[in-house]
Structures are given as C-alpha cells and as structure tokens.
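J.: Chains as they are written, first to last, in this note's numbering: chain A, 1 to 363; chain B, 1 to 390.
None of these hints come from the bench; they were simulated from the model.
Worth double-checking, as some hints may not be accurate.
[To be verified] Cβ pair distances, simulated, as ranges:
| id | chain 1 | residue 1 | chain 2 | residue 2 | range |
| --- | --- | --- | --- | --- | --- |
| 1 | B | E73 | A | G325 | 36 to 46 Å |
| 2 | B | K301 | A | N287 | 30 to 40 Å |
| 3 | A | E356 | B | E231 | 33 to 43 Å |
[To be verified] Straight line, CA to CA, 30 Å or less: simulated DSSO-like cross-link-like pairs of lysine-lysine:
| id | chain 1 | residue 1 | chain 2 | residue 2 |
| --- | --- | --- | --- | --- |
| 4 | B | K204 | B | K279 |
| 5 | A | K363 | B | K279 |
| 6 | B | K333 | A | K363 |
| 7 | A | K359 | B | K217 |
| 8 | A | K254 | A | K239 |
| 9 | A | K344 | B | K333 |
| 10 | A | K322 | B | K90 |
Glycine included, every Cβ here is placed at the ideal spot set by N, Cα and C.
Here is how the chains run, residue by residue.
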Amino acid sequence: MSIYLDYNATSPIRDEAKEKMLEVMGPPINSSSVHSFGRKAKSYLQKARSEVAKLVNADLDQVIFTSGGTEANSMIMQLSNSPLVSAIEHDAVMASSNNLNLINVNSDGIVDLEMLEATIKKTNTDMISVMWANNETGVIQPMTEIIKIAKKYKIYIHCDAVQALGKIDLDFKSSGLNSMAISSHKIGGPVGVGALILKDPFDVNPIILGGGQEKGHRSGTENLIGIVGFGVAASLISKDSKNYVMRNIGVRQKQFEDYLKDNLKDIKIFGENAKRLPNTSCIYMPNLNADAQVIALDLEGFAVSAGSACSSGKVKSSHVLKAMGAEWAANNSIRVSSGWQNNKNDLEKLAHSYIELYKRSNK
Amino acid sequence: MLKNNILGFNRDPKDTKVVVAMSGGVDSSVTAGLLVEEGFDVIGITLQLYDYGMAIQKKGACCAGSDINDAREVANQLNIPHYVLDYESKFRDQVIDDFADEYLAGKTPIPCVRCNQTVKFTDLFKMAKNLNADALATGHYVQRVVGKNGIELHRGVDPEKDQSYFLFATTKDQLEYLRFPLGSLNKIETRKIAERLNLKVKNKPDSQDICFVPNGKYSDVVRRLRPGSIEPGNITYLDGSILGRHNGIIDYTIGQRRGLGIGGVSDLEEERLYVVDIKVQDNEVIVGPKEALNVDEILLKEMNWVNNSFPSDKKILVKLRNTGKLIPAEMIKMNDRVTLYPTKPVEGVSPGQAAVIFDANDENNVLGGGWIVSTASKLQKKYNLSSSAA
C-alpha cells in the first residue's frame with residue numbers, strides 16, 4: 001500500500017464523515033419536500049450548514065453549498081469584467097475571465113502590495129481576488145493587508161480559501177472579505193461539495209437556475225450525502241480547537257524539510273521565508289524532471305504530485321513557480337503535502353527514497 | 001543456475017524491471033501483455049505527442065486521446081502501473097517542425113525515424129533509466145540479436161511488418177538497452193496473442209499514417225504549420241518549357257506520377273510524366289520521362305552505424321524507402337558522409353528519405369544508414385537538375 005502525501009490534491013474521507021454519510025445514504029432525501037422525510041433531510045442540511053459556518057466563523061445564511069470550490073469561485077468571478085488577481089491563483093480563478101489583471105508575487109510567493117494598490121488606481125477595477133494560501137507552495141498571503149487595501153478603495157474582495165481551510169484558522173466575519181470559496185474534499189469530506197461564503201447574500205447572481213434551492217443562489221436538489229460529510233469533516237476540525245493535529249503535522253513536515261536540506265545541498269524549498277501551510281513543501285531537485293520524480297516515487301510507494309495536474313493526467317509546468325521568478329525550477333519541482341492519516345515515519349521514509357532518487361539522477 | 005530470461009537478463013523476470021512504450025495500439029499492448037505474462041516487473045508509459053484536435057482541426061473518430069485511453073485500459077487490464085508523459089513540446093520541436101521544414105525544402109521526410117531517434121529513444125530512454133528500469137521495450141518488428149561482434153539489429157521476421165527501415169538510427173547504447181519482443185513474431189501471431197490475452201484493443205485496426213497526419217494529407221498539415229511560406233509556381237519539363245502551375249512544391253514527391261495537375265497536356269501524356277526534381281530556389285517542380293528518375297550516385301549524411309564502426313565491406317545492400325527492395329551498391333566514405341553507387345541505376349530516390357544499409361552477406365543484418373542529401377545521374381547532369389548539386 002502506497003503512502004499518501006498528496007493531501008493538497010484531495011484528502012482521504014474521515015471515518016466519522018463516512019459513517020454519517022452512510023446514515024443519510026438510503027432514505028429519500030429531498031430537503032424541499034414537505035413530508036417527514038423532507039423535514040428530516042432539511043435538518044441534516046441545516047446541521048451541516050451550521051458546522052461549516054462554525055469552522056469559518058460565518059452566519060448560517062452566509063453559507064451557500066455548491067458542487068465544489070471551482071463553482072464557488074466561478075459564481076463570484078463572473079461578476080467582474082476585469083478582476084485583479086494574483087499571478088499564482090488556481091485555474092478555478094484564472095480561467096474565469098479573459099481579462100484578468102495579474103498582480104505579481106515576490107520570490108517567496110507573496111503578493112506585491114504596492115503593485116496591487118498601483119493597479120487599483122490605474123485600472124478602476126471592481127474586484128480583487130487573492131487566494132488565502134497557495135496550493136503548490138503553501139505560501140499564506142497577507143490577507144489582512146490585502147483586505148485593508150480593498151476597503152480603502154471600496155473594492156469587492158473575494159478569496160479562494162480552498163487550500164487554507166482546515167489547515168489554518170479562518171475567520172470570515174472579522175476578515176472583512178466579501179466572499180470566500182471553500183471545498184469539502186481538502187479537509188476530509190467527500191469530493192463534489194463546497195461552499196461559497198457570502199457577506200451579503202444579495203451580492204451574487206446564480207449561475208445554475210431552477211428550483212431556487214440555497215435561497216435561490218444555487219438551484220438543484222442539494223447533494224445532501226456530500227453536504228453531510230462536509231459538515232462532519234468541518235466539525236472535526238472545529239473540535240480540535242488547539243490545532244493539535246495540524247501543529248503535529250507541521251513539526252514533522254519541518255523535520256522532513258530540514259533533513260532533506262542537511263543531506264542535499266542544491267535542492268530548494270519554495271516559499272521558505274514566508275508563512276506557509278504546515279503540511280506543504282514544494283521542493284526543487286536538479287537534473288530530474290518533476291514527472292520522472294513523481295513516477296519514480298510512485299513506483300516506490302509514495303503518492304506525491306508535480307504542479308497541478310490537469311484532468312488528462314498530463315503535468316503542466318507550474319505557473320506558480322514561474323510567477324515567483326523560478327521558471328528554471330518549474331519543471332523540476334514536486335509537492336509533498338501530508339495530512340492526518342500519515343504516521344510518524346511516512347515523511348522519514350519518503351526522505352530516504354527521495355535522497356536515493358537524487359543520488360541516482362545526480363551522479 | 002538461472003537461465004537468461006527472454007529479455008536476456010540472467011535473473012528471474014520478476015527482478016527485471018522493464019518500461020514498455022505503450023501507444024494504445026495492438027503491437028505495444030501485446031508487448032506489454034507478453035512481458036507481464038512472463039512475470040516481468042512491467043511499467044507502461046504512453047507519450048502524449050500532439051493535440052489531435054489541433055492536428056486535424058475537427059472532431060474525429062479515432063484520436064490520440066482515445067489511443068491514450070486504450071493504453072491506459074490495457075495497462076489496467078494487465079494490472080501494471082501506467083503513466084502518460086506530456087512530450088508535446090519536445091515532439092513539436094524535434095519532429096513536427098523538422099517535418100514541415102523538410103517539405104518546404106523540397107524533401108520527403110520520415111518523421112517516424114526522427115521520433116524514434118529523439119522523443120522515444122532519447123527522452124523516453126532517459127526516463128526509463130531514471131526509473132531504474134533494466135530495459136525499454138517497444139512493439140517494433142525488429143530483432144535485437146547478440147552476435148559474435150556484439151549486439152546487432154536485424155529485420156523483423158515478418159517481411160510485411162519489418163520496421164528496421166525506421167530504426168536505422170538506433171545507436172549502440174540505445175540498442176544495448178532496448179528490447180523488441182515482437183521481432184520474432186508475425187502479425188497473425190501478434191493478433192492471436194492479443195486474442196488469447198483478451199486485450200481490449202485486440203480488434204483495433206493497425207495505424208497506417210503518420211500519427212499527426214491521420215487522414216494522410218500531410219500537405220494540409222504543412223500548410224497549417226507554415227502559413228504564408230507556400231507559394232504557387234511552375235511545373236516545368238526537363239528542357240525548361242512550362243507545362244502548368246502548382247500550388248506549392250510540398251504537394252510533390254520525386255517519382256510521383258498521379259495527380260500532377262498539369263493542365264496543358266493530355267491525360268495520356270501526363271501518364272508518362274514523373275516528378276523528377278523539385279527546385280526549391282526557383283519554386284519549380286520538374287517533370288520528365290521515367291528514365292530521368294534513374295540515379296547512379298546517392299549522397300548520404302548523418303550516418304549511424306549500429307555497432308559504432310564503418311563496415312569493412314564496401315559492398316552492401318541498401319533500402320531507399322520503407323517499401324523498397326534491397327539494392328546492391330558500393331559505398332565510399334568521405335569524411336562524415338557516404339556516397340552510394342548502386343550496381344544498377346535506381347529510380348525514384350527522394351532526398352529526405354533514409355538509406356538503410358544491410359550486410360551483403362546477411363541481408364537481415366541492419367548495419368546502419370543515413371539521410372539522403374542528394375542524387376546524381378548522367379541524365380540529371382545533362383539537364384542540370386538540382387539534385388545533382390551535392
């Protein structure tokens with residue numbers, strides 16, 4: 001059995017979430033129905049909504065369930081004609097408009113705040129969208145400062161928080177954000193569910209029309225099985241109020257990085273000087289393409305990834321590293337992202353295999 | 001003591017790691033199937049080489065997308081790890097661009113050889129080594145023979161399927177590492193194995209065309225790749241008289257007879273005319289009688305010798321196109337180039353094609369070969385044809 005170290009792509013489903021989903025899987029569950037089954041469905045739905053709301057500190061009616069992070073981002077991005085976005089956004093944001101104004105990041109992967117402000121003045125844009133944390137490097141953006149700038153110019157501010165959710169504390173209400181996209185399958189819930197968190201529910205136009213579910217924001221009978229799983233996964237993270245799990249993951253990830261750096265002088269870890277998600281390392285190895293690294297490690301029983309793979313499975317070179325001025329490394333870097341199911345030795349084992357691979361290809 | 005396994009390693013197949021280049025076709029699927037059956041540690045790799053939709057600019061029935069899926073499904077069926085590598089930009093730089101440029105230079109290129117030379121046996125080769133594999137296996141119909149003078153490349157047993165013409169550029173280092181399990185089989189046997197293993201692709205037809213020119217209209221592809229660089233010009237008889245117009249020299253190949261599109265002559269006369277030369281500088285297609293196709297000197301460049309040394313015997317056999325016969329010739333070396341003197345004049349030799357050289361004493365043994373730069377003949381000299389200008 002392979003060791004899974006690709007939590008930023010998707011995570012295993014938590015046992016507790018699976019159990020609850022199995023409970024819902026069976027009875028007829030349409031929460032719009034008037035009868036007792038419908039009422040039962042509604043109560044599951046609202047419980048999940050409150051669990052998700054609690055995790056991000058939002059009100060119940062600020063949570064709109066969607067089919068995932070991509071849909072939540074698209075609902076917002078379609079509202080602007082020329083949004084201002086960071087150069088390291090996920091494709092869910094990048095592909096949403098042909099008329100993006102890109103804001104550079106520095107070599108640590110942090111948004112250039114001066115350029116952000118200058119571009120606002122220059123372009124008369126009506127929206128800013130910056131991801132809370134980057135999926136490839138784990139670098140955390142200075143959201144407080146970014147939101148402050150947006151407020152100063154009275155510009156709508158959206159955040160793709162898909163990768164940050166569950167890994168660092170997110171407080172929607174006190175953040176000042178207008179909207180935020182999150183996803184279930186990165187935190188131990190199932191795929192196919194996400195949510196858009198909206199400060200003012202009147203801000204958004206629905207992109208899926210029909211029966212008017214989710215207060216008219218997102219029609220279609222709710223994916224209750226998925227939503228219930230999302231709720232349980234969210235509640236498990238809220239329960240760990242001291243962030244014991246993530247802190248532990250962070251300690252091991254740091255040890256892993258230090259061990260690699262001690263043994264291999266010319267590797268590089270991106271965003272090293274920035275605040276990063278505790279579970280994410282983006283590592284450059286000279287002389288071996290990322291796809292060869294990923295395949296070789298897969299054959300040795302480690303699931304890691306290179307950049308963001310598109311649906312056909314072919315690996316694109318990383319636009320994130322290019323934006324960080326590290327185009328030279330874009331084809332040679334892999335991402336190791338650990339999670340709650342990893343045990344103490346998993347990263348240690350990977351480190352040994354990685355070092356072997358390095359030695360083999362850097363003879 | 002262990003016997004050598006069928007890939008020639010002195011150990012148990014399960015301890016022999018082999019990468020199989022899987023295209024999604026029957027041949028490479030059977031290659032993988034046979035090796036799995038023998039118990040080898042098999043890894044399947046499929047190369048994404050081009051965007052099929054871009055190649056034909058429409059949605060079609062059979063496409064690279066579905067070939068990749070076929071390879072994936074076969075690998076699944078065989079329960080082996082399988083990966084898709086994105087070599088689109090390498091393939092564009094090293095194969096497709098060369099293909100277009102060669103046509104524009106009035107030549108008739110063979111992209112399959114370039115692909116074997118570069119993408120498959122350089123890049124994929126490197127990947128297989130990086131994965132610590134002991135060998136790279138393909139579904140080519142050629143044989144790797146361990147002879148007394150080292151490893152030799154021999155023709156596939158099935159003369160219909162033999163692919164040695166496309167593999168003449170294989171270097172000694174590459175051949176050491178490569179394996180061709182189908183080389184000793186004929187096509188019927190391969191199909192039978194596909195049937196026996198019940199491979200999902202068992203009924204898939206063989207591919208006929210150049211992979212990125214799926215409908216066989218290579219000139220359309222060149223026009224799309226190099227818009228604006230293709231100009232109409234004259235079709236001229238050997239003596240200089242203009243017989244008609246063409247829409248671009250890329251539509252013509254030396255030796256071509258049909259579809260010349262000469263308006264001014266009767267069908268009967270056109271039947272007797274052949275493309276005997278393509279003058280790139282004048283943008284002219286030269287036509288003439290069949291005799292004018294005869295050449296008695298062929299200049300070759302970029303020679304590859306499978307065992308790394310120039311053959312001792314200057315009498316050799318040569319194949320000048322894939323479907324051509326073996327022709328006796330003498331070979332003379334000048335620096336890094338070689339001139340061939342066929343025993344009898346040969347016709348229809350196109351610059352850009354490969355000249356593949358076989359051992360005169362063992363016509364299965366591929367010694368190597370090179371690319372045809374130019375040709376010469378008495379008649380060519382008489383009419384000052386450009387092919388004679390080496």
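J.: Taken at face value, is the distance from the CA of K239/A to the CA of K254/A at most 30 Å?
T.: Answer holds: K254/A to K239/A is near 24 Å, not above 30 Å.
J.: Hinted pair, alpha-carbon criterion (30 Å max): K363/A, K279/B. Please report holds or violated.
T.: Status violated; Cα separation ~50 Å.
J.: Sort out whether K363/A lies within 30 Å of K333/B, counting only the CA atoms.
T.: This hinted pair is violated, its Cα atoms lying about 38 Å apart.
J.: Are K322/A and K90/B close enough, with their CA atoms no more than 30 Å apart?
T.: Holds. K322/A to K90/B sits at ~20 Å (cutoff 30 Å).
J.: Could you say whether the range 36 to 46 Å given as a hint is met by the Cβ separation of E73/B and G325/A?
T.: Holds - the Cβ-Cβ distance for E73/B and G325/A, about 41 Å, lies within 36 to 46 Å.
J.: Return holds or violated for the Cβ distance of E356/A and E231/B against the range 33 to 43 Å.
T.: Once the Cβ atoms are compared, 57 Å apart, the range 33 to 43 Å for E231/B and E356/A is violated.
J.: Given the proposed pairing of K344/A with K333/B, does the C-alpha separation stay at or below 30 Å?
T.: 66 Å, violated
J.: Is the Cα-Cα distance between K204/B and K279/B 30 Å or less?
T.: 42 Å, violated
J.: Per the hint of 30 to 40 Å, is the separation of the Cβ atoms of K301/B and N287/A within bounds?
T.: Holds - the Cβ-Cβ distance for K301/B and N287/A, about 32 Å, lies within 30 to 40 Å.
J.: If you draw a straight line from the CA of K359/A to the CA of K217/B, is it 30 Å or shorter?
T.: At roughly 47 Å apart (the allowed maximum being 30 Å), K217/B and K359/A break the hint.
Of the numbered hints given earlier, the model fails hints 3, 4, 5, 6, 7, 9; all others are met.
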